[in-house]
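There are 2 protein chains.
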Amino acid sequence: MIFRQLIDKETSTYTYILGDADSGVALIIDPVIDQVERDIKILAELGLTLTHTLDTHVHADHITGSGVLRERLGAKTVVSTRAKVKCADIDAQQGQTIAFGAHSLEIRLTPGHTSSCMSFVVVNGDTTMVFSGDALFVRGCGRTDFQQGSPSDLYDSVHNEIYSLPDDTLVYPGHDYKGHTVSTVAEEKAHNPRLNLGIDKAGFSVIMDGLKLAYPKKIKESLPANMACGEIKPKTEGMEA
Amino acid sequence: MIFRQLIDKETSTYTYILGDADSGVALIIDPVIDQVERDIKILAELGLTLTHTLDTHVHADHITGSGVLRERLGAKTVVSTRAKVKCADIDAQQGQTIAFGAHSLEIRLTPGHTSSCMSFVVVNGDTTMVFSGDALFVRGCGRTDFQQGSPSDLYDSVHNEIYSLPDDTLVYPGHDYKGHTVSTVAEEKAHNPRLNLGIDKAGFSVIMDGLKLAYPKKIKESLPANMACGEIKPKTEGMEA
Chain A
1 MIFRQLIDKE TSTYTYILGD ADSGVALIID PVIDQVERDI KILAELGLTL
51 THTLDTHVHA DHITGSGVLR ERLGAKTVVS TRAKVKCADI DAQQGQTIAF
101 GAHSLEIRLT PGHTSSCMSF VVVNGDTTMV FSGDALFVRG CGRTDFQQGS
151 PSDLYDSVHN EIYSLPDDTL VYPGHDYKGH TVSTVAEEKA HNPRLNLGID
201 KAGFSVIMDG LKLAYPKKIK ESLPANMACG EIKPKTEGME A
Chain Y
1 MIFRQLIDKE TSTYTYILGD ADSGVALIID PVIDQVERDI KILAELGLTL
51 THTLDTHVHA DHITGSGVLR ERLGAKTVVS TRAKVKCADI DAQQGQTIAF
101 GAHSLEIRLT PGHTSSCMSF VVVNGDTTMV FSGDALFVRG CGRTDFQQGS
151 PSDLYDSVHN EIYSLPDDTL VYPGHDYKGH TVSTVAEEKA HNPRLNLGID
201 KAGFSVIMDG LKLAYPKKIK ESLPANMACG EIKPKTEGME A
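If you read the sequences in order, they're chains A and Y. Those letters in the first sequence? Residues 1 to 241, by the working numbering. Those letters in the second sequence? Residues 1 to 241, by the working numbering.
The set of hints was computed from the structure by calculation and includes no laboratory data. Small disclaimer: the values here were computed from a predicted structure and weren't measured. The hints are all genuine.
No copy is singled out in the list; a pair is fine if it fits within one copy or between any two copies.
The list that follows gives simulated cross-link-like pairs (lysine-lysine, DSS-like), each with its CA atoms no further than 25 Å apart:
1. 201 - 212
2. 84 - 218
3. 41 - 178
4. 9 - 218
5. 220 - 86
6. 189 - 41
7. 76 - 86
8. 178 - 217
9. 212 - 178
10. 9 - 217
11. 178 - 218
12. 178 - 9
Kindly generate the complete structure, drawing on both the sequences and the hints.
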């Protein structure tokens, strides 16, 4: 398996390329529109043909590269069925798998940061990897105060869909703001300040409801664009998300 | 083996933790002084005892965390013998190895970006990793216009000490400014615009001599501090590097 973690520094977003070395088939998770040229170049240099782009959710902080990658490379766009994104080629369901060559990615719906969040599980030999989007960060998690966010849903998603994976599962987050690139399920169970095993759902909700975060700067631009797979439509009145 | 890649976003510097899961012994490569609290926290959470800090070279763009990590955790500082850093505990030589539990790191002197640059090779099962510092970047390399830099030396270092490793060796650079985290020897031999196998030493020197880069902003502060393992001494006249 070919694996690459890529960073969009402006938004601290991680993009992941997962490829099958033998067949040359690849997926990309959470491409950022501003980095599409970089991503197309690396795919070409690695000899990979992109078949699918997967968005862990409808992002509020950046615009997806999925539409451009479909246009340029013919890759199908995969978004949670709960997002009701009309432009998506595949409305992803719980338990659905996306094959890439001899490998396979399993979709787990992990709402809570937004109602349409998904995580992706890939098993490669002895290694299990979960791409947790904004459900679970290294020592953190996504906020729950917009886009149908819900601390109760997020708590259940992380405990039922991510913490049920083997303890040595590598956790690859959607963002990191302190420079971490990866963690493990065991580490987060022990050390996540919001989601360690000593915190119950009520305690987690108190933490999340008390965050008082500023509204995301790019949300007005990002949400409508991402509902259109990254197409940036001219702004019109009444467009606010 | 426990492995973590960490990022200092301000300077796009990569720090690496290499640990032995059984003995709990760990090394750190290129710690950044501003990130020392993060690094101490992650070492503690991973249950690791730091025995050595290794600087790939005397950095011009940031200050090493090696002195603070020695003071706080007792870790020995490892710097190239060519750097003549008086504060170093170990003056590293070509071919020297540093053990961490059952694992081992091999030192290769790779001058050219600076005269004191080193790369580190670690073999873990079927995987070979090289921590190439500023000798080799993903699709690039360190500049050669100060600190006894030399395009001729850098060309020889990369070709003799890094490109002689197996083609599937993972290349972990000291920096990346476009959001790449890793590459392979095969990829760089094929796609590095300065150091692909189609470019000879004369061609490489023409490229490097033509770069006309701005002088590093932090060099006046960084070099004297790094010659003292990160200790920031009061500025005095005539201190310019």
